[in-house]
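Now for the letters of each chain:
Number of protein chains: 2
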Amino acid sequence: MAKQKKQPRPKAETPKGFRDYFGTEVTRRKHMLDQIAAVYHRYGFDALESSAVETVEALGKFLPDVDRPNEGVFAWQEFDEKGNGDWMALRYDLTAPLARVYAQHRNDLPTPYRRYAMGPVWRNEKPGPGRFRQFYQCDADTVGTSSMAADAEICAMLADTLETVGIPRGDYLVRVNNRKVMNGVLEVMGVEDGPVRDAVLRTIDKFDKVGESGVRELLGKGRLDASGAYIDGVGLEPENAEPVIAFLTSKGADAAETLANLRAAVGDSAIGVEGIAELEQIAELLAAQGYGPDRIEIDPSVVRGLGYYTGPVFEAELTFEILDEKGRKRQFGSVAGGGRYDDLVARFTGQKVPAVGVSIGVDRLLAALEAKGRLSNDGQGPVVVTVMDKTRLADYQAMVGELRQAGIRAEVYLGNPKNFGNQLKYADKRNSPVAIIAGSDEFDAGKIQIKDLVLGAKIAESATLEEWKERPSQFECARADMVAKVREILEADNG
Amino acid sequence: MAKQKKQPRPKAETPKGFRDYFGTEVTRRKHMLDQIAAVYHRYGFDALESSAVETVEALGKFLPDVDRPNEGVFAWQEFDEKGNGDWMALRYDLTAPLARVYAQHRNDLPTPYRRYAMGPVWRNEKPGPGRFRQFYQCDADTVGTSSMAADAEICAMLADTLETVGIPRGDYLVRVNNRKVMNGVLEVMGVEDGPVRDAVLRTIDKFDKVGESGVRELLGKGRLDASGAYIDGVGLEPENAEPVIAFLTSKGADAAETLANLRAAVGDSAIGVEGIAELEQIAELLAAQGYGPDRIEIDPSVVRGLGYYTGPVFEAELTFEILDEKGRKRQFGSVAGGGRYDDLVARFTGQKVPAVGVSIGVDRLLAALEAKGRLSNDGQGPVVVTVMDKTRLADYQAMVGELRQAGIRAEVYLGNPKNFGNQLKYADKRNSPVAIIAGSDEFDAGKIQIKDLVLGAKIAESATLEEWKERPSQFECARADMVAKVREILEADNG
Chain A
1 MAKQKKQPRP
11 KAETPKGFRD
21 YFGTEVTRRK
31 HMLDQIAAVY
41 HRYGFDALES
51 SAVETVEALG
61 KFLPDVDRPN
71 EGVFAWQEFD
81 EKGNGDWMAL
91 RYDLTAPLAR
101 VYAQHRNDLP
111 TPYRRYAMGP
121 VWRNEKPGPG
131 RFRQFYQCDA
141 DTVGTSSMAA
151 DAEICAMLAD
161 TLETVGIPRG
171 DYLVRVNNRK
181 VMNGVLEVMG
191 VEDGPVRDAV
201 LRTIDKFDKV
211 GESGVRELLG
221 KGRLDASGAY
231 IDGVGLEPEN
241 AEPVIAFLTS
251 KGADAAETLA
261 NLRAAVGDSA
271 IGVEGIAELE
281 QIAELLAAQG
291 YGPDRIEIDP
301 SVVRGLGYYT
311 GPVFEAELTF
321 EILDEKGRKR
331 QFGSVAGGGR
341 YDDLVARFTG
351 QKVPAVGVSI
361 GVDRLLAALE
371 AKGRLSNDGQ
381 GPVVVTVMDK
391 TRLADYQAMV
401 GELRQAGIRA
411 EVYLGNPKNF
421 GNQLKYADKR
431 NSPVAIIAGS
441 DEFDAGKIQI
451 KDLVLGAKIA
461 ESATLEEWKE
471 RPSQFECARA
481 DMVAKVREIL
491 EADNG
Chain B
1 MAKQKKQPRP
11 KAETPKGFRD
21 YFGTEVTRRK
31 HMLDQIAAVY
41 HRYGFDALES
51 SAVETVEALG
61 KFLPDVDRPN
71 EGVFAWQEFD
81 EKGNGDWMAL
91 RYDLTAPLAR
101 VYAQHRNDLP
111 TPYRRYAMGP
121 VWRNEKPGPG
131 RFRQFYQCDA
141 DTVGTSSMAA
151 DAEICAMLAD
161 TLETVGIPRG
171 DYLVRVNNRK
181 VMNGVLEVMG
191 VEDGPVRDAV
201 LRTIDKFDKV
211 GESGVRELLG
221 KGRLDASGAY
231 IDGVGLEPEN
241 AEPVIAFLTS
251 KGADAAETLA
261 NLRAAVGDSA
271 IGVEGIAELE
281 QIAELLAAQG
291 YGPDRIEIDP
301 SVVRGLGYYT
311 GPVFEAELTF
321 EILDEKGRKR
331 QFGSVAGGGR
341 YDDLVARFTG
351 QKVPAVGVSI
361 GVDRLLAALE
371 AKGRLSNDGQ
381 GPVVVTVMDK
391 TRLADYQAMV
401 GELRQAGIRA
411 EVYLGNPKNF
421 GNQLKYADKR
431 NSPVAIIAGS
441 DEFDAGKIQI
451 KDLVLGAKIA
461 ESATLEEWKE
471 RPSQFECARA
481 DMVAKVREIL
491 EADNG
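As given, the protein sequences belong to chains A and B, one line each in that order.
The opening position of the first sequence corresponds to residue 1 in my numbering, with each subsequent residue numbered one higher.
The opening position of the second sequence corresponds to residue 1 in my numbering, with each subsequent residue numbered one higher.
By construction, these hints were calculated from the structure, which means they are not laboratory data.
Among the clues, some could well be false.
[As the list claims (entries may be wrong)] If we take Cβ atoms under 7 Å as the criterion, some of the chain A residues that face chain B in the derived model are:
1) Phe18
2) Phe22
3) Leu33
4) Gly85
5) Thr145
6) Ala150
7) Gln289
8) Phe348
9) Asp389
10) Arg392
11) Leu393
12) Arg409
13) Asn431
By construction, the Cβ of each residue, glycine as well, lies at the ideal position given by its N, Cα and C atoms.
Put together the whole structure using the sequences plus the hints.
As structure tokens, then:
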């Protein structure tokens, strides 16, 4: 074979699992992040932006998927002049970097340290439909206090945040549980750390899907899946599985009843009793602030996958139904979660630093608002000043200058002006509300033509409607009235 | 040696050359990005957020430092199931990704495509004081038009943007040049592509530093540096260096004079004449819109390092003086730059797509505003409700609830409340304007204590001043008046 002399052209593609965001995809997310930041800020949290790159050492092995502790990050080795190589990686969440930041700067930071952070995180996972390897998180954490008031506050703030971004009360629920209670149940059952414990926890996590009888089967001999596959069980005797069932079904009509049921489930396990006391404190503080079970409730079936949680855990779920890819109705599900993690900073300093935080999955929350049609229509394009006469570019620029001065988004068509149809097609593609047209006749007469593109589209859709007759979609006006007339149209469109 | 059983603790450090941003460092940058985005948006540019990760193939070798085309990016190899590895890298600017995005989505995008983008970029360079390996860029580009109106518009927008973020007219200058003119000069000199041409370009770039005589020496035999080192020259005969000198010193009293001098410098070089015609068009369009030489001027000494520019290039410079690290006065220098690049998209598609853009160095611009004391003091901490009685947590939470409801940033002190002094120290560290104090006496009487911390600090600074006598720094008020009284203090502080 002959040697190739020319490099082939590079492919114009994002790497697998990555994507680009255009126009309103960017501005709507930004708007939501701004709204969330405003709530966090009002609650007294300060902004933090840590670097996207961390040492692998500092990130540690706290990946959400505990089954694969060594995978999941984008990492590379960097060699210094002596040939020694440090491993660096892109952050996979905002909590591991927070632990590093707090350990590094703890002498300068206030205690408790309340910070919020928002930005992309990266996961080196197999991409799938709707699963991307770069996505946004938006976190708030309180580091350095073991007070349950911090946990209660974050649950309340999460409810406030969801309402602020446009999820009305009744369409979401913040569900609170406590790892200590679950540990108490396992203690009562005599299940130690190890594979059996992990298997029991994974089974608990399936409660939402398979229900009480399903969990019974999975804790025992096993279960025939809906697909016909047989899932091996944990192998517990039925009587040994009872505490788990009691725990999972302990949700009562109100917090008091749930707590009483949980008390029975943990028996005299010290850690279990401690966990219940913590849940009780959270419930009391929230009740005193008026956050009732319509917004925040204790729910023993909340597990949260992350291995590092040590106390209360919580999850915000959207309770309305949407249609899935196959057109079936399903609940939208979780959009945020968090909990207490008291060991993350100790990795660096050797001293336990109690902390609690929440993370909002911004992209999922945006998808939810989109599914409910609750995203504002902020995608209006610019007023396009078309070019009829190439020698008049300065005059066209003066027009957009005036419009911009008046706060109106505007631009001169900068493509090849030869084909006027292309200019109107461009305005259409840009979702422009108005096109301005002026040729030598108009310039001589001190006039311009204004084309109302929104109205034009409406008339094209329903040409016979009486209502449009009063309002022509294209009209002439004095050049001096341009800004006022354009503003009238924009107000009519948006009103 | 015995085997180490325990892993040593990880170091709590950012990787070398990276840093964290806290509080106002984050919010001030965000505010500036918002201001810039608003200008770009008003000019008709749409938002784009491409992925931070690109294939190395797509990024290409367009690194700013053309001397080291293979270095400068953070890259890693990713293996798929078959063991084939693609190289991926963090983007080093926002222009290379734009070329990839436009090539990938060109059938769906309007032409011209006007987009803005803002976000971090990464450079794998040796870090130095004030030089970080992750920093923000904020770009606007018009892709798909060769009209000089696009270049003029971007220069005008750059001037508008600088004024919007707080650089007053007179404190900045946008300087415009054209690569084609420079190429015309080299053509006249008979200098072809190659090492001599590169050496001449590097010398031209030093004009600002070494002046006319310095450039003469460097183009000829060489030059004794200020440090005493001898810098080898390009080795041109004095008469052959003349066109370069004529070009560099061609700046006249106004655009017309500069253009006339440039015309003389390029002689009958076709490419040079074309470049001058382009500069003339830009100058005319800007003059018609009222952008005079106090804001934008033609300046033949602007080079811009990037290898990919093919036509007009421009640079925004801040003209005021600041003190450098050694306390010497110096001009602040460049904060933004850009130009026309007609070949970037062709890498992917084979077809030339004309484009022009600008990139603002946001961190440098923030540093400039900081040096001039022009950043707003938006760093006010939350109102801190102190905890005198641990059993009253719900009451304290109710207080912050009311304050937040009224739009006032507030929080309950969530650390260990035992030492009251620590609570006030915390409020101080948070830059809190007000502390609320209530123990059992106050609760019984339906009162609270309000401590004005800003006033307290002022009184501590100048205890004898008469003006403070009327306004006590701590006073009692009815619990029901809390929000109104706190608001009064905040207004007095900020007024």
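So, going through the hints one by one against the coordinates:
The closest approach between the C-beta of phenylalanine 18 (chain A) and any C-beta of chain B is roughly 4 Å, which is under the 7 Å cut-off, so the hint is satisfied. At its closest, the beta carbon of phenylalanine 22 (chain A) sits 6 Å from a beta carbon of chain B; the interface hint therefore holds under the 7 Å criterion. With its C-beta approaching chain B no nearer than about 10 Å, leucine 33 (chain A) sits outside the 7 Å limit, and its interface hint is violated. This hint is violated: glycine 85 (chain A) has a C-beta 12 Å from the nearest C-beta of chain B, more than the 7 Å allowed.
For threonine 145 (chain A), the shortest C-beta to C-beta distance to chain B is roughly 4 Å, which falls under 7 Å, so the interface hint holds. Hint on alanine 150 (chain A) holds. Least Cβ distance to chain B is approximately 5 Å, under the 7 Å limit. Because the beta carbon of glutamine 289 (chain A) sits about 5 Å from the nearest beta carbon in chain B, less than 7 Å, this interface hint is met. The restraint placing phenylalanine 348 (chain A) at the interface with chain B holds, with a minimum CB-CB distance near 4 Å, inside the 7 Å limit.
With a least beta-carbon distance of about 13 Å to chain B, the hint placing aspartate 389 (chain A) at the interface is violated under the 7 Å criterion. Restraint check, arginine 392 (chain A) versus chain B: the minimum CB separation of about 10 Å is more than 7 Å; hint violated. Given the 7 Å rule on beta carbons, the hint for leucine 393 (chain A) holds: about 5 Å separates it from the nearest Cβ of chain B. Interface hint at arginine 409 (chain A): satisfied, since its Cβ lies 5 Å from the closest Cβ of chain B, which is below the 7 Å cut-off.
Violation of the interface hint for asparagine 431 (chain A) is found here, the shortest Cβ-Cβ separation to chain B being roughly 10 Å, above the 7 Å cut-off.
Checked against the numbered hints given earlier, this structure breaks hints 3, 4, 9, 10, 13; the rest are met.
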